[in-house]
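S.K.: Listed below, chain by chain, are the residues.
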Amino acid sequence: MSAAATNNRNLELIGFALIALLIMVVLPLALDIFRLNLIGKYLTYAFVAVGLVLCWGYTGILSLGQGVFFGLGGYCMAMFLKLEASSAANTKIQSTPGIPDFMDWNQLTELPFFWVPFNSLPFALIAVIVVPAVVAFILGAAMFKRRVGGVYFAIITQALAAVMTILIIGRQGYTGGINGITDLRTLLGWDIRTDGAKYILYFVCCILLLGSMLLARFVLSSKLGRILVAIRDKEDRVRFSGYSVGDFKIFIFCLASAIAAVGGAMFTLQVGFMSPSFVGIVPSIEMVIFAAVGGRHSLVGAVIGTLLVNWAKTAFSESFPELWLFAMGGLFIAVALAFPRGLAGIFTDQVLPYIEKLWSRNRRGQDGVVVPNPAPAE
Amino acid sequence: MSVKRPTDLSLSRRQLLVGTAALSASALVAPHAMGETLPTATVNTTGLAVTDTEVTVGILHSVTGTMSISETGSVQAEKLAIEQINAAGGVLGRKIKFIQEDGASDWPTFAEKAKKLLVQDKCASVMGCWTSASRKAVLPVFEQYNGMLYYPTFYEGLEESKNVIYTGQEATQQIIAGLDWVQKEKKANTFYLLGSDYIWPRTSNKIARKHIENKLKLKVVGEEYFPLGHTQFNSVINKIKLRKPDVIYAIIVGGSNVAFYKQLKAAGINLTKQTLMTISVTEDEIDGIGGENIIGAYACMKYFQSLDNPNNKKFVAAFHKLWGDKTVIGDVTQAAYLGPWLWKLTVEKAGSFDIDKIAAASPGVEFKGAPEGYVRIHKNHHLWSKTRVGRARTDGQYDVIYETAELMEPDPFPKGYQ
Numbered sequence: 264m265s266a267a268a269t270n271n272r273n274l275e276l277i278g279f280a281l282i283a284l285l286i287m288v289v290l291p292l293a294l295d296i297f298r299l300n301l302i303g304k305y306l307t308y309a310f311v312a313v314g315l316v317l318c319w320g321y322t323g324i325l326s327l328g329q330g331v332f333f334g335l336g337g338y339c340m341a342m343f344l345k346l347e348a349s350s351a352a353n354t355k356i357q358s359t360p361g362i363p364d365f366m367d368w369n370q371l372t373e374l375p376f377f378w379v380p381f382n383s384l385p386f387a388l389i390a391v392i393v394v395p396a397v398v399a400f401i402l403g404a405a406m407f408k409r410r411v412g413g414v415y416f417a418i419i420t421q422a423l424a425a426v427m428t429i430l431i432i433g434r435q436g437y438t439g440g441i442n443g444i445t446d447l448r449t450l451l452g453w454d455i456r457t458d459g460a461k462y463i464l465y466f467v468c469c470i471l472l473l474g475s476m477l478l479a480r481f482v483l484s485s486k487l488g489r490i491l492v493a494i495r496d497k498e499d500r501v502r503f504s505g506y507s508v509g510d511f512k513i514f515i516f517c518l519a520s521a522i523a524a525v526g527g528a529m530f531t532l533q534v535g536f537m538s539p540s541f542v543g544i545v546p547s548i549e550m551v552i553f554a555a556v557g558g559r560h561s562l563v564g565a566v567i568g569t570l571l572v573n574w575a576k577t578a579f580s581e582s583f584p585e586l587w588l589f590a591m592g593g594l595f596i597a598v599a600l601a602f603p604r605g606l607a608g609i610f611t612d613q614v615l616p617y618i619e620k621l622w623s624r625n626r627r628g629q630d631g632v633v634v635p636n637p638a639p640a641e
Numbered sequence: 005m006s007v008k009r010p011t012d013l014s015l016s017r018r019q020l021l022v023g024t025a026a027l028s029a030s031a032l033v034a035p036h037a038m039g040e041t042l043p044t045a046t047v048n049t050t051g052l053a054v055t056d057t058e059v060t061v062g063i064l065h066s067v068t069g070t071m072s073i074s075e076t077g078s079v080q081a082e083k084l085a086i087e088q089i090n091a092a093g094g095v096l097g098r099k100i101k102f103i104q105e106d107g108a109s110d111w112p113t114f115a116e117k118a119k120k121l122l123v124q125d126k127c128a129s130v131m132g133c134w135t136s137a138s139r140k141a142v143l144p145v146f147e148q149y150n151g152m153l154y155y156p157t158f159y160e161g162l163e164e165s166k167n168v169i170y171t172g173q174e175a176t177q178q179i180i181a182g183l184d185w186v187q188k189e190k191k192a193n194t195f196y197l198l199g200s201d202y203i204w205p206r207t208s209n210k211i212a213r214k215h216i217e218n219k220l221k222l223k224v225v226g227e228e229y230f231p232l233g234h235t236q237f238n239s240v241i242n243k244i245k246l247r248k249p250d251v252i253y254a255i256i257v258g259g260s261n262v263a264f265y266k267q268l269k270a271a272g273i274n275l276t277k278q279t280l281m282t283i284s285v286t287e288d289e290i291d292g293i294g295g296e297n298i299i300g301a302y303a304c305m306k307y308f309q310s311l312d313n314p315n316n317k318k319f320v321a322a323f324h325k326l327w328g329d330k331t332v333i334g335d336v337t338q339a340a341y342l343g344p345w346l347w348k349l350t351v352e353k354a355g356s357f358d359i360d361k362i363a364a365a366s367p368g369v370e371f372k373g374a375p376e377g378y379v380r381i382h383k384n385h386h387l388w389s390k391t392r393v394g395r396a397r398t399d400g401q402y403d404v405i406y407e408t409a410e411l412m413e414p415d416p417f418p419k420g421y422q
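If you're matching them up, the sequences are chains F and B in order. One gets the working numbering by counting positions in the first sequence from 1 and adding 263 to each. One gets the working numbering by counting positions in the second sequence from 1 and adding 4 to each.
It cannot be assumed that every hint is accurate.
[Unchecked claim] Computed list of chain B residues with no C-beta within reach of chain F, every gap over 10 Å:
(1) LEU42
(2) PRO43
(3) GLU58
(4) THR68
(5) ASP110
(6) LYS140
(7) ASN150
(8) GLU227
(9) SER239
(10) GLY272
(11) ASN274
(12) GLU296
(13) LYS317
(14) ALA365
(15) LEU411
[As the list claims (entries may be wrong)] Calculated pairs, BS3-like style, for lysine-lysine (alpha carbon to alpha carbon, straight line, at most 30 Å):
(16) B/LYS126 x F/LYS461
(17) B/LYS219 x B/LYS188
(18) B/LYS101 x F/LYS576
(19) F/LYS355 x B/LYS126
(20) B/LYS419 x F/LYS576
[Stated by the list, open to error] Label-pair distances were calculated between CB atoms; the ranges are:
(21) B/GLU228 x F/PRO603: 45 to 53 Å
(22) B/LYS353 x F/VAL426: 46 to 54 Å
(23) F/ARG410 x B/GLY292: 43 to 51 Å
(24) F/VAL545 x B/GLU228: 40 to 48 Å
What the hints contain is simulated information worked out from the structure, not anything from laboratory work. Backbone N, C-alpha and C define an ideal beta-carbon position, used for all residues, glycine too.
Just need the whole structure built from these sequences, with the hints factored in.
M.R.: The structure is reproduced here in structure tokens:
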């Protein structure tokens, strides 16, 4: 078993290296900027999937509201960019120049107080991480401290997603409503819409994603990671051993939310707008599906899963504009029925034993470090 | 990708086209560019998807998701127009080929697909979008990659782009003439404004309120908004009964309409006696509401299916032939039909497919074959068109009871209404 554990860890590293090679070298060389920009967009969802591996795959907290955090990160970024795009010169046609266009349409005559700090990029960048983390903390503290978990927690996160959507759509003068915050142009004077900028943003996105994966890997392979797995598999025993289960859960939930929010901010930068259609229940569940298809116990699997599902979505919908949803539905059902542990599960169950056989022939007798078994004790 | 075909092949194809068009009885417009030798290199200097025999355009609407009910009509109208243009010889002698993409009722998807149609498919123009949100999402894409969008929906205005032709009405065109009419014909003094809670109803009601209060010197006795998909209208109906406005001015959209009109009827408000004017219920919506629930209501649009003119008779017949007798044709569907035709006429006026040239050539382009009658493109890229008032019948159609004598000038940034 311990040899297998070493292998698992080596495999994760190999997988990580392959992903890095794929997104940093192969795809940029193989694709034109339009397709690469699409991949960049998919990769922003992969941040959410990485967060879900942490809190769902390893800690057993199923959140169906990760879109909220993705959206909050995206909105914080979008608010900064929108203010920059709404200079008095750009908006002189409005009744009140110098405020975002949608505020003018909604008869606002001055910038709302909570928009004012977003004139500063450092503030906006800090807000991208802090705002979602604080929301996650409040929700986590309210739930986990009272030992609310499992299905109930999932339902609460869904409610949060619904509440956020209604709030954003309902207060359109302050948020842009259902249209979202659109027509973002420059970041500190740097035009983010050019092809050159798209390349740079793509690589920034890749580096941040790989960094998030490493951070997640670091957390999981630490002692903390083992406690998380223990919480997932037998929460009460961990509590009886004297650990404060609630604190651990709050921490990992906040971390997952912050990672998702970084994805949201990168989305805004690469796509050029943010809209409430990412915050609702459906996109949040879709993000869970990405992680499920890839395998919720594998960081590499989650990223691959996100890429594959989104690529399939684009490909199906381009080929069969009126029927593509059926193809997607079929894909999800097939995955859920045939491979409940996702693509990474197929790999560990089917492919790995063969590799292990070859491996053990050479490395018999060597002991490895014990790392948490990625699969739950089901 | 513009792959050059061997000239002899293209010639024979073109001759074939000439033959088809000459035989075709449905040719609506005199073949303009037929047989002309306009080499692709001169009519397409920016690398659009134009060959010697074909030109590719995009159709970008939601055919899945909540908006598909509304947008399907637009897709059908655009396909019909393309078919008719091809039968009449195409555009500058080139047949139109279309690539359809699904916006899936999701604004980011619209942006992605718009980018695909422009960057990868190099579409010479795109017919598409329905909601303002989807238009706002694709607008930066069209401006950045210099594409041309023909947008069919009546909308709130406050926008003008070199890269968009707005074939529906902007808000003042739809609202002002209707209010003037209702004041004159119904001797109305008090108005109650209702709307779904998003940018179009809010902006439209803002214009309506300014017109009612400042120009007509009448009174607004209430203004309320409901979230999209709202179905409980009892409390506002009670308020309406209490305040007894002369006119209920309703801009409720989508599925909420069904609940609203049924509850009005159930509350004993008879629309044949209480004046109600809407700018959001076309024949398509009545299909869902049920004619008996809305009979007597007035709608202010630029087009009704029942419009009595030769263009429209031909259009309705062709539409029914292609898509079935049961389909109804609403205002937006007709506006979507204008898109491909206006593009064709503009390209032929400009003598080029280049976006910059058609953007410059658009002002002044007139389409005499429009089902709504005559339309002309204004220099702000919106259409001059007439405003009409219709009254709902039980069979889901409108009787056209008033139309403006003149074409209404589009004014997307109306002074005094902002």
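S.K.: All hints, please: hold or fail.
M.R.: How the hints compare with the structure:
no.: 1; hint: LEU42; verdict: 29 Å, holds
no.: 2; hint: PRO43; verdict: 28 Å, holds
no.: 3; hint: GLU58; verdict: 19 Å, holds
no.: 4; hint: THR68; verdict: 5 Å, violated
no.: 5; hint: ASP110; verdict: 5 Å, violated
no.: 6; hint: LYS140; verdict: 5 Å, violated
no.: 7; hint: ASN150; verdict: 12 Å, holds
no.: 8; hint: GLU227; verdict: 12 Å, holds
no.: 9; hint: SER239; verdict: 17 Å, holds
no.: 10; hint: GLY272; verdict: 31 Å, holds
no.: 11; hint: ASN274; verdict: 33 Å, holds
no.: 12; hint: GLU296; verdict: 32 Å, holds
no.: 13; hint: LYS317; verdict: 30 Å, holds
no.: 14; hint: ALA365; verdict: 25 Å, holds
no.: 15; hint: LEU411; verdict: 25 Å, holds
no.: 16; hint: B/LYS126 x F/LYS461; verdict: 19 Å, holds
no.: 17; hint: B/LYS219 x B/LYS188; verdict: 13 Å, holds
no.: 18; hint: B/LYS101 x F/LYS576; verdict: 24 Å, holds
no.: 19; hint: F/LYS355 x B/LYS126; verdict: 33 Å, violated
no.: 20; hint: B/LYS419 x F/LYS576; verdict: 45 Å, violated
no.: 21; hint: B/GLU228 x F/PRO603: 45 to 53 Å; verdict: 49 Å, holds
no.: 22; hint: B/LYS353 x F/VAL426: 46 to 54 Å; verdict: 53 Å, holds
no.: 23; hint: F/ARG410 x B/GLY292: 43 to 51 Å; verdict: 47 Å, holds
no.: 24; hint: F/VAL545 x B/GLU228: 40 to 48 Å; verdict: 28 Å, violated
Going down the numbered hints, you'll see the structure goes against 4, 5, 6, 19, 20 and 24, while the others check out.
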